[in-house]
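In the order they appear, the protein sequences are chains A and B. Going by the numbering used here, the first residue of the first sequence is number 91, and it counts up by one from there. Going by the numbering used here, the first residue of the second sequence is number 16, and it counts up by one from there.
Don't read these hints as lab results, they were simulated from the structure. Glycine included, each C-beta is placed from N, C-alpha and C at the ideal position. A portion of the hints provided could be inaccurate.
[Claimed, not checked] If we take Cβ atoms under 7 Å as the criterion, some of the chain A residues that face chain B in the derived model are: (1) V109; (2) V112; (3) L113; (4) R177; (5) I182; (6) N186; (7) L188.
Here is what each chain is made of, one letter per residue.
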Amino acid sequence: MVGPAHYITLSAVLFTIGVIGVLTRKNAIIVFMAIEIMLNAANLALVTFAMTIGDVAGLIMVLLVIAVAAAEAAVGLAIIVAMFRHRETVNIEAFNVLRG
Amino acid sequence: MESLLWLIPAFPLAGVAINGLFGRKLGDRVVSVIGPGAVGAAFAMAAASFIALRGLPPAERLLQQTLYSWLPAGEFSASIGFQLDPLSMTMVLVVTGVGFLIHLYSVGYMHGDGGYARYFAYLNLFTFAMLLLVMADNFLLLFVGWEGVGLCSYLLIGYWFEDQAKADAGKKAFIVNRIGDFGFLLGIFLIFWTFGSVAFSDVLPEAATRLTLGGDLAFWICLFLFIGAVGKSAQIPLFVWLPDAMAGPTPVSALIHAATMVTAGVYMVARAHALYEMAPQVLALVAGIGAATALFAATIGIVQNDIKKVLAYSTISQLGYMFLGVGVAAFSAGIFHLVTHAFFKAVLFLGAGSVIHALHGEQDMRTMGGLKPKLPITYWTMLAATLAIAGVPPLAGFVSKDEILWRTWDGGHSVLWVIGFITAGLTAAYMFRLFFLTFHGSFRGTKEQWGHAHESPWTMTVPLVILGALSVVGGWIGLPAALGQPLGGIANRFEGWLAPVFEAGEHAVHEPHAIPPIEYGLMTASVAIATLGILVAYWAYLRSPDLPGRVVARSRGVYTLLYGKYFVDELYDFLIVRPFYALSRFAWRVIDDGLIDGLGVGGTGALVKRGSRIVSRWETGYVQGYAVAFFGGVFAILAYYYLFR
Numbered sequence: 091m092v093g094p095a096h097y098i099t100l101s102a103v104l105f106t107i108g109v110i111g112v113l114t115r116k117n118a119i120i121v122f123m124a125i126e127i128m129l130n131a132a133n134l135a136l137v138t139f140a141m142t143i144g145d146v147a148g149l150i151m152v153l154l155v156i157a158v159a160a161a162e163a164a165v166g167l168a169i170i171v172a173m174f175r176h177r178e179t180v181n182i183e184a185f186n187v188l189r190g
Numbered sequence: 016m017e018s019l020l021w022l023i024p025a026f027p028l029a030g031v032a033i034n035g036l037f038g039r040k041l042g043d044r045v046v047s048v049i050g051p052g053a054v055g056a057a058f059a060m061a062a063a064s065f066i067a068l069r070g071l072p073p074a075e076r077l078l079q080q081t082l083y084s085w086l087p088a089g090e091f092s093a094s095i096g097f098q099l100d101p102l103s104m105t106m107v108l109v110v111t112g113v114g115f116l117i118h119l120y121s122v123g124y125m126h127g128d129g130g131y132a133r134y135f136a137y138l139n140l141f142t143f144a145m146l147l148l149v150m151a152d153n154f155l156l157l158f159v160g161w162e163g164v165g166l167c168s169y170l171l172i173g174y175w176f177e178d179q180a181k182a183d184a185g186k187k188a189f190i191v192n193r194i195g196d197f198g199f200l201l202g203i204f205l206i207f208w209t210f211g212s213v214a215f216s217d218v219l220p221e222a223a224t225r226l227t228l229g230g231d232l233a234f235w236i237c238l239f240l241f242i243g244a245v246g247k248s249a250q251i252p253l254f255v256w257l258p259d260a261m262a263g264p265t266p267v268s269a270l271i272h273a274a275t276m277v278t279a280g281v282y283m284v285a286r287a288h289a290l291y292e293m294a295p296q297v298l299a300l301v302a303g304i305g306a307a308t309a310l311f312a313a314t315i316g317i318v319q320n321d322i323k324k325v326l327a328y329s330t331i332s333q334l335g336y337m338f339l340g341v342g343v344a345a346f347s348a349g350i351f352h353l354v355t356h357a358f359f360k361a362v363l364f365l366g367a368g369s370v371i372h373a374l375h376g377e378q379d380m381r382t383m384g385g386l387k388p389k390l391p392i393t394y395w396t397m398l399a400a401t402l403a404i405a406g407v408p409p410l411a412g413f414v415s416k417d418e419i420l421w422r423t424w425d426g427g428h429s430v431l432w433v434i435g436f437i438t439a440g441l442t443a444a445y446m447f448r449l450f451f452l453t454f455h456g457s458f459r460g461t462k463e464q465w466g467h468a469h470e471s472p473w474t475m476t477v478p479l480v481i482l483g484a485l486s487v488v489g490g491w492i493g494l495p496a497a498l499g500q501p502l503g504g505i506a507n508r509f510e511g512w513l514a515p516v517f518e519a520g521e522h523a524v525h526e527p528h529a530i531p532p533i534e535y536g537l538m539t540a541s542v543a544i545a546t547l548g549i550l551v552a553y554w555a556y557l558r559s560p561d562l563p564g565r566v567v568a569r570s571r572g573v574y575t576l577l578y579g580k581y582f583v584d585e586l587y588d589f590l591i592v593r594p595f596y597a598l599s600r601f602a603w604r605v606i607d608d609g610l611i612d613g614l615g616v617g618g619t620g621a622l623v624k625r626g627s628r629i630v631s632r633w634e635t636g637y638v639q640g641y642a643v644a645f646f647g648g649v650f651a652i653l654a655y656y657y658l659f660r
């Protein structure tokens, strides 16, 4: 039987994958995807808790996150396109001009 | 009349505004009308006031006008107020009358100068400030005028400011005067502290009751005021600025540095006579410094070669006489000498200016000589003034100088009388040296200069003639009793005129009284020594012109000392200027550059800069680095929560 613990575990695993992806990958698109994974891991946790305690507020929250993520995806991809146009690369190590 | 007093200083002020703001656009012709015209109008107003004042009974001769309360602050208040009593009236007439003639003279002398309008604006500003000084009804407004004339003196000495030496001379005058002004200011503070007011009408009548005769307070008030007078009137030890002040245009030397501004100190002491009478020690000091300065400057004047320098030292010397006069409490005699000196010294300076003008800027008497046929009007007016200053009867200088000498003797100051007596001889000698070197003998300049030499235009000669005539007859208004009584009981009208102001101080000499025979003896002696001085000058510079050279060769040391002006400038340079420079350099290099800029401002800046350079290493620019820190932080907080709660 698949219970809430499994969903939460899956959510934690996905989130960890996302974190590791953000921290280790150099390709901006992959980093971006890793962030999406983290968002969806959070969504999964929210849905799980909402079903467990029977409160729709969690579901509404998820819809909100999905909407924000969509907007964020548009903005984020646009930034990555602009970055590429500028430097002909999306390696985030190349973008460190704001160092002290 | 009283409500129109403000017009007297207002005319020159209007002249300043017009010539100063629009002078360049109006053109030289208009400026030449407005500049002298403003002072002429002031003179007309002054003459009208004089008639009004004469119409009053002697004891009530005082016109007053308070324009508004200028500085009301708690118990203190000072007003912009004018007053004309016989003393102020005399000064106003001299300032506007002689001032007008010198303005007129300037029209010719400054013709074609690039800063024509600026010159007249300054000169009018000077007249305004001087009128403020002599018409003020309180010490503070007097001080405003006092500073104003100092400013104009600075501006006009450095009038040709492109010349570094002239600009420096202006600065020197201003800075040396500052020392005196500081003393004056302290005096005013003490007056306010003692009397609770600075108005003449509050302070002077109260002097006898609030101050004790010879007390400390009276001593310090008068001493501080006198320090101011010493600076403004170029007495020992603050006289060094006046010879340098000759860098200004010659009419300026005549107006400011001979006839009016430098006599402000004498006026101020006379104005505050009620205070000085309570401080006999300071009066003795005034007389002593006056006599010492008179002799000291006369000895320098006798060896100078620059025609204006001789006149400058002569002015210092004559100012010494005036201080000798007021110092022996003969206030009206001092003021009388101030008036006659304004006449004849103005002629001497204007005449010298006429000579300089004719020779295109030449001031060295060694290259002059024999100018009599070229400059007849200048010659005759200069002769009158030279005879007057030398003390030849019955010219103006004789009458006033002898009055001072007699009062000195009469007051029991025989040592001071001897000094004044010797100075009289020296005065005659150096003035006739100047006169003979300039106008007699043979011309020692270039042929070209001789060819170009010409008499000055009428704007310059008319003032010369008028002032020359005044040098002759100007003294007769104050004929001393010793001369007036035998001539059919002519009273000393000048002394009588000033008596209401000085009545407390002067022993009343209104009624005919027995003239001590010694007065005639002293008078004869001073005429004799003046004649001797003239003869010496005649002998040394006309009869045997090689004599001065031989005397100089015989006494080289004395000559060097006198020619070097006793090296007072060098002494001050060594004692004051250089240590001050060193101190300023220390303040600049060590304190300002080192401590403030280096350690204070610069040090703080360097600390912040270096600190930020270290801290800013955190900002690597790698987004993932920040993310590591962020997640690490979250992890740390969660770990803390799970482990310790």
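Hint check:
Because the closest C-beta pair between V109/A and chain B is about 6 Å apart, less than 7 Å, the hint holds. Among the interface hints, the one on V112/A holds; its C-beta lies about 6 Å from the nearest C-beta in chain B, closer than the 7 Å criterion. The beta carbon of L113/A comes within 6 Å of a beta carbon in chain B, closer than 7 Å, and the hint placing it at the interface holds. A least Cβ separation of about 14 Å between R177/A and chain B goes past the 7 Å threshold, and the interface hint is therefore violated.
A hinted interface residue such as I182/A counts as satisfied when its beta carbon comes closer than 7 Å to some beta carbon of chain B; here the least separation is about 6 Å, so the hint holds. Annotation: interface hint on N186/A holds; nearest CB of chain B at approximately 3 Å, less than 7 Å. At about 5 Å, the closest approach between the beta carbon of L188/A and any beta carbon in chain B falls short of 7 Å, and the interface hint on this residue holds.
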